[in-house]
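So the sequence lines, in the order shown, correspond to chains A and B.
Taken in order, the first sequence gives residues 1 to 172; the numbers are from the numbering used here.
Taken in order, the second sequence gives residues 1001 to 1200; the numbers are from the numbering used here.
Be aware that a few hints might be false.
[Said to hold, decoys possible] Derived pair list, reagent style DSS-like, types lysine-lysine, alpha-carbon separation capped at 30 Å:
| no. | chain 1 | residue 1 | chain 2 | residue 2 |
| --- | --- | --- | --- | --- |
| 1 | B | 1051 | B | 1035 |
| 2 | A | 108 | B | 1197 |
| 3 | B | 1197 | A | 113 |
| 4 | A | 155 | A | 84 |
| 5 | B | 1197 | B | 1112 |
| 6 | A | 134 | B | 1112 |
| 7 | B | 1199 | A | 155 |
| 8 | A | 155 | B | 1197 |
| 9 | B | 1199 | A | 109 |
| 10 | A | 109 | A | 82 |
Source of the hints: derived by calculation from the structure; they are not laboratory data.
Remember, predicted model here, so these are calculated numbers, not experimental data.
Residue strings, one per chain:
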Amino acid sequence: MKALMLFLISLVISSFNSIDNSYLGFNESAANYDIRIVDFQQLQPLLQINNDTIYVVNFWATWCGPCIKEIPYFEQLGNEYKNKKLKILMVSLDMADDLESRVIPFMKKNNMKNEVIILDDHQSNRWIPLVDEKWTGAIPATLIYGNGFREFYPKEFTFSELDEILKPLFTN
Amino acid sequence: MKKEYFTLIALVLITLSMSAQPISVGSQAPNFSLKNVDGATVSLSDYASEKGVMVIFSCNPCPYVKAYEDRMIALHNEFAPQGYPVVFINPNDDVQQPEDSMDKMRERASEKNYPFPYLKDEDQQVYQAYGATRTPEIFLLKNEGGSFVVAYTGTVDDNYKDALAVEEAYASNAVKALLAGKNPDPATTVAIGCGIKKKN
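Put together the whole structure using the sequences plus the hints.
As structure tokens, then:
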């Protein structure tokens, strides 16, 4: 009987998970390393979702030293805001060919839980200004938006800087 | 009073560094005088007899530099004889990125047989004066009666992955436009690159 209950509970939980998985194009996929490779046309809708969630979109790469340094802060953010309507998307600019050889091993080693997606689009002169007009293409860079807020940060973050930006967005 | 003054300057500098943008096309290019890998000092003013200079902020480990390296060498080989030589400037702090030390730069220049100077922006004044934010980043300068004016800023071309699939060769087209007495179009482009490592 007890075993049956546990089975049913786990069934319910896993069905919740599968609902989460398709949430507006965002996945909870980091855990199974099912990383999507997209071009900018496919990424763009994820930069302008209009609901009651705050989105943090970080542009990084495994070869980018300052990006790697701030990755734990984005993980910490995911942890500390997990009960809030906050969604973090880590957009990797690694070459798509490096997914298996570099990106996934890097994610495993650093225990990355935030969703990772690879943006594979060499037409950067076209799409960079669509992310933000002032962006010159240097990474790391982060877009934070949602609930009427939208700000692009072409810089490296510390956790407290991220926290200072996000905290006020959840006080209303 | 003095302290407040410094705080103000610091704040202005922080604000500027947060919104760093390349100096605009048409503006005067800042002069520089930097140490080359061969020990000599190279200045922008050394190029007074050229039609212009292609200043490229570059470094050793950046994968985008590696992807474009041969194409940047080819730009020099094609255009130096026509009056537009390339100059590489490495702006990175080698404390944070030891691969960019003068020794490593020297190794790289000799491995790849750089046909142009590879200068170290030791004090990081030059890249900030140009408003460079990443490597590789090009500033194509035009010599107007002994003073250099920015004619194009941006990237090499529109396909870092595949030189054979390039549709728009921005930098090459920009030099060709200048050689034909025209203004480059586009005069600015952007591209993904490695953020310049600033000293702490």
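Is the straight-line distance between the alpha-carbon of residue 1199/B and that of residue 109/A 30 Å or less? Satisfied, since the Cα-Cα distance of roughly 28 Å is no more than 30 Å.
Given the proposed pairing of residue 1197/B with residue 113/A, does the C-alpha separation stay at or below 30 Å? holds (27 Å)
Measure nothing beyond the straight line between the CA atoms of residue 155/A and residue 1197/B; if it is 30 Å or shorter, mark the hint as holding. holds (11 Å)
Would the hint linking residue 155/A and residue 84/A be met if the CA-CA limit is 30 Å? Cα-Cα ~25 Å, so holds.
Taken at face value, is the distance from the CA of residue 1112/B to the CA of residue 1197/B at most 30 Å? holds (23 Å)
So if I understand the rule, the pair passes when the alpha-carbon distance is 30 Å or less; does residue 1199/B with residue 155/A pass? holds (14 Å)
Next pair to validate is residue 108/A with residue 1197/B; report whether the Cα-Cα distance is within 30 Å. holds (26 Å)
Hey, residue 134/A versus residue 1112/B, does the alpha-carbon distance stay inside 30 Å? violated (34 Å)
Under the criterion that the straight-line Cα-Cα distance not exceed 30 Å, is the pair residue 1051/B, residue 1035/B satisfied? Holds, because 23 Å separates the two Cα atoms, which is no more than 30 Å.
Sort out whether residue 82/A lies within 30 Å of residue 109/A, counting only the CA atoms. holds (22 Å)
Checked against the numbered hints given earlier, the structure breaks only hint 6 and satisfies all the rest.
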